[in-house]
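Visitor: Hey, can you work out the whole structure from these sequences and the hints?
Residue numbers (the numbering used here), protein chains in the order written: chain V, 1 to 202; chain X, 1 to 286.
Because the hints were derived from the structure by calculation, they are not lab data. On a predicted model such as this, the values are computed, not experimentally measured, just so you know. C-beta atoms are modelled at their ideal positions from N, C-alpha and C, and glycine is treated no differently. One or more hints might be untrue.
[Stated by the list, open to error] If you want the footprint, here are the derived chain X segments under chain V, 3+ residues with CB under 8 angstroms:
1) 6–12
2) 32–43
3) 109–118
4) 160–167
5) 204–218
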Amino acid sequence: MSDLSPKLVLRLALLALLTVIIQEAGVAQISIFGVSADLTPLMVMAVGLLAGSMTGAVVGFATGLLVDTVLVQTLGITSLLYIAIGYWSGRLRELRDPAHGLVPLAVGAAATAVAQIGMTLIQFLLGVDSPVSLLLVQQIFITVLVNTLIALPVYALVRRIIQPALPDDPRRRRRRAYTTGGLSPLQSPSQRLGQLPRGSRS
Amino acid sequence: MLALLVAVSLILLTAYFGESPSSPLHSVQRGIVQVLSPVQTGASKVLSPVRDVANWVSDTLRAKSKVDHLRQEVNQLTYQVDTLKTAAAQNAQLRREVGLDQNIGIANFGSVGANVIERDPNVWYQHVEVDAGSGAGVVAGDPVLADGALVGDITTVDPSVSFVTLITDNSFAVGAQIIDQNSDDGILAPSVGGPNQLLLQDLPSNANIQAGDQVVTSGFRSPSNSQLASLYPAGLPIGKIPNVNFANQLLNNNEVPVTPDADLRHFDSVQILTKPHAGNERAQVP
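Guide: What follows is the structure in structure tokens.
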């Protein structure tokens, strides 16, 4: 959190604002299998995976607050859910550092499930007085499915937007170094030194 | 930091939930919406071609699957139309004889047209934002129609935009009546999670309901107290009884499912009735 540059803050703020506007003015009005895709939890998940837990939590809070404000909903509900999504996506990166290309797909599905099921639970806690049909489960399942399908493109887009402003990650640098062979511990010192100019020995 | 964010969220949630709509928190929220509404209107217009193409593909796929079913329905309805035309002619003649006003339409209720500029996809909040507000005479509680049927009512009004709570929102309920032999009354409530399904509750167990029966607003008015009246005029179409087996549901829970006439996920424009209590008029079922 402390190494957040003003450039990154600006990009994250614009990303959150644009995502909410595009979601509510466009994507939400497109029906796929009877439901609409929801870009906002996917964006928060991507920020968490790329920028870490605290950045993810802050972006989640701000995005959730913006969603609740724009839609004139009860303030704080979406923020609470998106804080969890942003934080845990970031913790996954910090603890496991998953490198597989399909990780955003799985985390995107989980993030959407958390958002949908969490909203359901909070609504029940707030005392929604209405009959609940099995269609609710079906709707949640289809929304998770649709969001899973678009998780990878959303992640790629978010990475393209914020990656240039992210501070250099030592782990990422180390991984890159292994692939180029420069700092691999599997190489002997003589092999590494062999690449140096002759005059630099001794 | 994390604890602070969670605490702020919980404080906001608690404060907002317990406050009245005129509280400072609600006012700030409406102020932000007012500031952002031009951006949303612009974004809605810019994104409309993308939206239209996506909806066109979706509609085409859906339409293909419905063709056979609709062909059968057309055959049935053709017969019903002929019967109803005869009944309508008789009705018109009888109304003339008893001196009732025949020319009551939606326009008599101060209809104001508006475009949808934002839609909430959430299962729990069924709201849409439209580009007409108090400047156009819209006030909270006004009924909203789309595709010729009731789709909700106005819950939040700003000078240039308003928020419509759809009939599928969990907070919505309206007095409704089935157009059948007995004109059975009930309360129409949403079925959460079913965007295309409502429930007409509190019906008599022995109600004689048929699939295809039209459901309209009952427009309740107390004969002894004119202040005690429904927000909606009588006769606004809402939906139809679907062609499913609802006999047990009616017998055990005194409720039947209702399919909304309007396509609640696709309508782009609405009509807001700014004078829902214009005299004692009754809207005409189309």
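Visitor: Against each hint, give a clear statement of whether it holds in the structure.
Guide: Evaluated hints:
no., hint, result
1, 6–12, "holds (count 6)"
2, 32–43, "holds (count 6)"
3, 109–118, "holds (count 3)"
4, 160–167, "violated (count 1)"
5, 204–218, "violated (count 0)"
Of the numbered hints given earlier, the model fails hints 4, 5; all others are met.
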